[in-house]
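There are 2 protein chains.
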Amino acid sequence: MQSLILSRRDLEFNLYEWLQVQQLTERERYSEHSRETFDAAMETCANIASEEFYPINRLLDDQEPRFDGENVSTPAELKPVLKAFCQAGLIAAGQPFEMGGMQLPCVVEKACFAWFNGASVGAASYPFLTIGNANLLMAHGSAEQIKRYVEPMMSGRFFGTMCLSEPQAGSSLSDIRTRAVRQADGRYRLFGNKMWISGGDQDLSENIVHLVLAKVPDANGELIPGVKGISLFIVPKVLVNADAGLGARNDVVVAGLNHKMGYRGTTNCLLNFGEGKFRPEGEAGAIGELVGEEGQGLSAMFHMMNEARIGVGLGATMLGYTGYLHALDYARHRPQGRLPGGKDPSTPQVPIIRHADVKRMLLAQKAYVEGALGLNLFCANLVDDHATHPEESRRDEAWLMLELLTPIAKSWPSQWCQEANSLAIQVHGGYGYTRDYRVEQFYRDQRLNPIHEGTHGIQALDLLGRKVQMQRGAALQALIARMTDSIARANAAQGEGASQIRAHALAVQHGQKQVLLTLQEVRAHPQPELVLANAAPFLEAFGHLVLGWIWLEQALVAQARLAHDPNDFYRGKLQAAQYFARWELPKIDAWLAVVAQVDDTTSVMQDGWFSA
Amino acid sequence: MQSLILSRRDLEFNLYEWLQVQQLTERERYSEHSRETFDAAMETCANIASEEFYPINRLLDDQEPRFDGENVSTPAELKPVLKAFCQAGLIAAGQPFEMGGMQLPCVVEKACFAWFNGASVGAASYPFLTIGNANLLMAHGSAEQIKRYVEPMMSGRFFGTMCLSEPQAGSSLSDIRTRAVRQADGRYRLFGNKMWISGGDQDLSENIVHLVLAKVPDANGELIPGVKGISLFIVPKVLVNADAGLGARNDVVVAGLNHKMGYRGTTNCLLNFGEGKFRPEGEAGAIGELVGEEGQGLSAMFHMMNEARIGVGLGATMLGYTGYLHALDYARHRPQGRLPGGKDPSTPQVPIIRHADVKRMLLAQKAYVEGALGLNLFCANLVDDHATHPEESRRDEAWLMLELLTPIAKSWPSQWCQEANSLAIQVHGGYGYTRDYRVEQFYRDQRLNPIHEGTHGIQALDLLGRKVQMQRGAALQALIARMTDSIARANAAQGEGASQIRAHALAVQHGQKQVLLTLQEVRAHPQPELVLANAAPFLEAFGHLVLGWIWLEQALVAQARLAHDPNDFYRGKLQAAQYFARWELPKIDAWLAVVAQVDDTTSVMQDGWFSA
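Those protein sequence lines, which keep their order, are chains A and B. Residue numbers for the first sequence follow my numbering, beginning at 136 and rising by one. Residue numbers for the second sequence follow my numbering, beginning at 136 and rising by one.
One or more hints might be untrue.
No copy labels: a pair is met if it fits in one copy or bridges any two.
[As the list claims (entries may be wrong)] Here are the simulated BS3-like pairs of lysine-lysine, each with C-alpha atoms no more than 27 angstroms apart in a straight line:
1) K722 <-> K648
2) K478 <-> K214
3) K722 <-> K363
4) K282 <-> K648
5) K648 <-> K218
6) K218 <-> K722
7) K363 <-> K478
8) K363 <-> K412
9) K282 <-> K214
10) K412 <-> K648
Keep in mind that the hints were calculated from the coordinates and are not lab data. Computed from a predicted model, the values in this text were never measured in an experiment.
Using the sequences plus the hints, can you model the full thing?
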């Protein structure tokens, strides 16, 4: 039976036919790997995700975490599922062998983890947050910190969180107020409130390692305004002794749980640090250890941001993907209505997948979710190229491309896989609106993704305000060079599907030209804030262009294979690519018109003009 | 304090400055009315909606209706709220004086009811379904049926439902299997299952009047395939005696409740008719009375469909509208971040409404929801013109326009006010994703609207397959004539805002031309099913054109008023109109490209090509 989480065939197509990740094994870091070891890791994940995570996904939604004023509790079914994940060694999937890891390339690790995102995003958050936390400490922590905190995370004894936002400081991190007061022994005592902390408390792990952004007061006890004063601290829920045993309870407590529309499997907390409920070592204040140097907290945090954002993008992709597969399955089995020309009501009804409008909705979903998966795996592959490509110029290019594509990898699936999830409901009709079918949960879970890890608006500003301009446009040029190469290959295509691919390439070329013209128009504008006011439609346009190119890339592979291996999988890829080229790419011009004209409609709008 | 449900000012603008509904009082049917009586009715509704409905909206979501296998129960807070509605005489708001009604024009009635849709769509459904039921019986029932069933509905003693769908027959009504067996006394016994019955059972009214579509078996006991054999029946939950007292329990029972993502205030049931649990008059079978003639059931039902669909459109509009007002209120009070050029982190944070991207999100919401309200009130006004305009040609024109615009009035708000609800969440950031704020409920409630009363796909087929072609395009010509008139008035505009309005008119003119060219392209296509396969993007394009025109109409009024009365309300209208013209109308070309080329991407797609 086919999985309703993810298509193995599509994953293989992405990894081995398109991205050729088997070639990574030629690099020293991955030399002990082979396609077989990659496949084995993915198969392990597919099995654990299908057998452990998928069955509890609905339950985690129905039985929200509870807080009795003291402790947070999660459904009893969750803990063994996470244990299965940890026992398979997956927390360390990307870590080096010497850390007990599998030393998998990022692209394979993400392909592995996609299964869990699709099976139960609420359950998967706990290990994924832990992995992000561990990666950050691996890069910026001391050897002792790695030993004390990362190693227990690798085995699944400890879980990790990221504590950035505060009630008054969401997107605006420069306004955080949590204080970290330096102690005589070199440690710090933290005081403040942290909001939106996923996994901020739970009853699933022995300990919780909070990574906390806070400010160290200056000599006058004042906090430095802005982001420069931000430092990063490890604040464990329970202090860890020198012998790695657990010590006293630290002064960090849950003030409340957030009750969310979806994503309910993951606890989300308001945490109070240093309010004195616990008095470790005899006094109030959450004991923390500095990571790296004072004032470097944000840069350490943002060092991991590309991967974290690709992670969100992949989570969004997988919610869309599993929704698509559920809708496809439903459409194949639900009889309703008859085809045009066969309206005789005495004949049996046909499965709804035969109706053109249902095919439209499925094809749109396929185009969105498979495109988004391609983009996210492509980006993960760039992480690998940046880290391990033998040629320095390719390492640099990978980094530039990654910087440029990350806002798209995060925002595009968050938006368009939400549309996919909406279409999955629509395919189900009334049934899709009930909690008897899974698609309504996907739709609710998905809605978080344009908000966390940098809102949609933040991604847009990052793209138009920084990324397309960085290094005098070098990142953009790198992408354009890749696109131009794809277009050239498309133009040289022969055989079945060649004319379709050439038309697709033409649409990408047009979009590319329009994006470049638009950037030229706005570059020298005397009021850059007016240009940035239209960052959102630029993000839309650029995102669609990138996806149009990802689909061109996949179509090129499918078209070439089709000549030797005429099968339906490749035809489906070509058709989805064509859908994207014909139905989606024309939208680019509409978005760019606003940007190119430096339209001032939103800038000029005043508070008092909104409905009186 | 301003309402968070609906803007009184906007409602007045629509009714009195744009649609000039005060002129309706010159018609005989409304001659006892005046602007004062209209305003009084609306003010009553605003008060009851704000004081009774709005406060329980969240509660109705939290405390879903329950079914113990025997009875359905709703939260105790709901009944007195509905009582307040009924006691104000609002069920009969549109009925003639002699029925105890207020004899309000449809457009004023809809304006009144908008308050309840915005305050609590889940609570409002019960009286609105009852009104739809009563209207149908007023048009097609016998005098005795009106007396027996409609009068108790008018006073709120009985509530009504519509029973169309069955588990195997949702959009495909020709496949219903409920049997209505003629009895010797002229009544019928019904046997079958009805699905998705809103208000199908409840503990709120003394009785429930089900209007049921069923088929009368032929002489051989066979059901006639197709829609021609469908008849309409009154099936009360409790039989009504000749003396109007309640008699025996009829053989219709709840088989189960549907548990929905949203819209939870309204019960939604699977009903079993004639399974024998109750044996009225000694035997199994739900006793029903025929409405009108046998075989005329669907046409009676569809007679009311325009109004029902405008009702759904208005419900969708109001969910978007209240979400917008909540987001606006939040944005005015939430400080976060600083403006470009004022990034000094030691300065206070600004209310987020000052950020361009937040203004974009609010302006988009304003454009969607106020435009949708305008369209729905315009359509309600057409209902009045069709019924009571003194000139026959205008009555005919109104009917044509109504037929054409109904699919848009239903589908456009269902789609774009969902986008507005999504933006309302986005303006709230993480808070918008929690159940502590109301916007997440609106988003869940809204998702029903593209499904019920004819799915989005059904509306698209209705528009492209029937409405634009009806009477050799007469409906379309009527709309084009109106648009052309608006464009001419825009071109003659003088003074502040005139150039903006002319640009807007140009964009509408372009859209209109493209729509007509597209229809010309596809009209003679040898495979009409290929054309209809792209009905969905045509619906998008046509909907945006219509809304672009509605906004042009509103901008014309605002621009003219601005010359004499320079106030912010009119500036806001002009700015929202400009937003729609510049940001939204350019999308039309992208959708039409697919239609005009008779793109076969979805038609050609095959089941087996979807991911293998």
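Looking back at the numbered hints, which does the structure fail to meet, lowest number first? 2, 3, 4, 5, 6, 8 and 10
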